[in-house]
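*Asks:* Sequence:
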Amino acid sequence: MRPMALATFVAGITVPGFVLADQPIPWAMGFQPAASPTMEHIGTLSFMLNTVIFAIMALVTGLLGWCIWRYNANRNPVPRQFSHNTLVEIAWTAIPALILLVVALPSFRLLYFMDRTNEAEMTLKITGHQWYWSYDYTDHNLQFDAFMVSDDELKPGQLRLLTTDKEVVLPVGVPIRVLLTADDVIHSWAVPSLGVKTDTVPGRLNETWVRIDRPGTYYGQCSELCGVNHGFMPIMIRAVAKDQFLAWTEETRVRLAAKPQPSTVGGKS
Numbered sequence: 000m001r002p003m004a005l006a007t008f009v010a011g012i013t014v015p016g017f018v019l020a021d022q023p024i025p026w027a028m029g030f031q032p033a034a035s036p037t038m039e040h041i042g043t044l045s046f047m048l049n050t051v052i053f054a055i056m057a058l059v060t061g062l063l064g065w066c067i068w069r070y071n072a073n074r075n076p077v078p079r080q081f082s083h084n085t086l087v088e089i090a091w092t093a094i095p096a097l098i099l100l101v102v103a104l105p106s107f108r109l110l111y112f113m114d115r116t117n118e119a120e121m122t123l124k125i126t127g128h129q130w131y132w133s134y135d136y137t138d139h140n141l142q143f144d145a146f147m148v149s150d151d152e153l154k155p156g157q158l159r160l161l162t163t164d165k166e167v168v169l170p171v172g173v174p175i176r177v178l179l180t181a182d183d184v185i186h187s188w189a190v191p192s193l194g195v196k197t198d199t200v201p202g203r204l205n206e207t208w209v210r211i212d213r214p215g216t217y218y219g220q221c222s223e224l225c226g227v228n229h230g231f232m233p234i235m236i237r238a239v240a241k242d243q244f245l246a247w248t249e250e251t252r253v254r255l256a257a258k259p260q261p262s263t264v265g266g267k268s
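With the first letter of the sequence shown counted as 1, position 142 gets the number 141 in numbering that gives the first Met the number 0; the numbers rise by one all the way through.
Think of the hints as simulated: they come from the structure by calculation, not from any bench. Worth double-checking, as some hints may not be accurate.
Stated by the list, open to error - Derived DSS-like pairs: lysine-lysine, alpha-carbon spacing no greater than 25 Å straight-line:
no.	residue 1	residue 2
1	Lys196	Lys124
2	Lys124	Lys165
3	Lys241	Lys124
4	Lys241	Lys165
5	Lys165	Lys154
6	Lys196	Lys165
As the list claims (entries may be wrong) - Simulated DEER-style distance windows between Cβ atoms:
no.	residue 1	residue 2	range
7	Ile89	Ala240	54 to 60 Å
8	Leu86	Met28	38 to 44 Å
9	Lys165	Gly64	57 to 63 Å
The beta carbon of each residue, even a glycine, is placed where N, CA and C say it ideally should be.
Can you make the complete structure from the sequences, with help from the hints?
*Replies:* As structure tokens, this is what we get:
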């Protein structure tokens, strides 16, 4: 491992603040900071599951070590001859069942929570293409395509493979209904900080929702193998205050209407 990579890895596991970013960080561990209630619940459930996993691992390791120490040939030269134990068999059936129940209840609650919202104040329709995304703000009469910015067009501060030529601007604190589909193959619209990862399927309209809790820029990518350029259709979201969002929709609608739209046949022109 190179010295810089090693230093980055050590910093990532020893300094919690080092990995706090709304974008992927080399050698980072764990989730990106939650920027939506869905992601907060995912983080809470993940912590609970890891606690259960480590507890089971510690218990099994401890029992194995005790059996090795207590029942080795030196300490137990004449083993007892018996089979079956009703109490033990009931315990090792009932305890795992209870553990599964403890895991299932919050999991089902979270699945129901992330499914959809009945209080949406706006709708964003997303269409996956080979290999870019189309966005339709159905409540604001605004549509555009978002393509990845190539390496030779990146400006200082822009992220390689994650920056798009048009940002998806969304208001902070507003429940947003997200409708997803595709026009060719299956894609998957995924933004880790927002806890969103939903397939876009041709001929089908999937639904999810998001509420962004703080301003910022959030990045994601297609998470379904969709062809040769699968790794080149990023997602870039900028969350702003509601009044800034409304001003942006007006400005963008005027700007796009005044500028001829490029043909998207076969990709970016």
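*Asks:* For each hint, tell me whether it holds in the structure or not.
*Replies:* Hints versus structure:
1. Lys196 - Lys124: Since the Cα atoms of Lys196 and Lys124 sit roughly 15 Å apart, the hinted pair holds (cutoff 25 Å).
2. Lys124 - Lys165: Holds, at roughly 16 Å.
3. Lys241 - Lys124: 19 Å, holds
4. Lys241 - Lys165: With Cα atoms ~19 Å apart, Lys241 and Lys165 stay inside 25 Å; holds.
5. Lys165 - Lys154: 14 Å, holds
6. Lys196 - Lys165: Distance of about 21 Å is within 25 Å: holds.
7. Ile89 - Ala240: 54 to 60 Å: Once the Cβ atoms are compared, 59 Å apart, the range 54 to 60 Å for Ala240 and Ile89 holds.
8. Leu86 - Met28: 38 to 44 Å: For Met28 against Leu86, whose Cβ atoms are near 41 Å apart, the range 38 to 44 Å holds.
9. Lys165 - Gly64: 57 to 63 Å: 58 Å, holds
Consistency note: the structure conflicts with none of the earlier hints.
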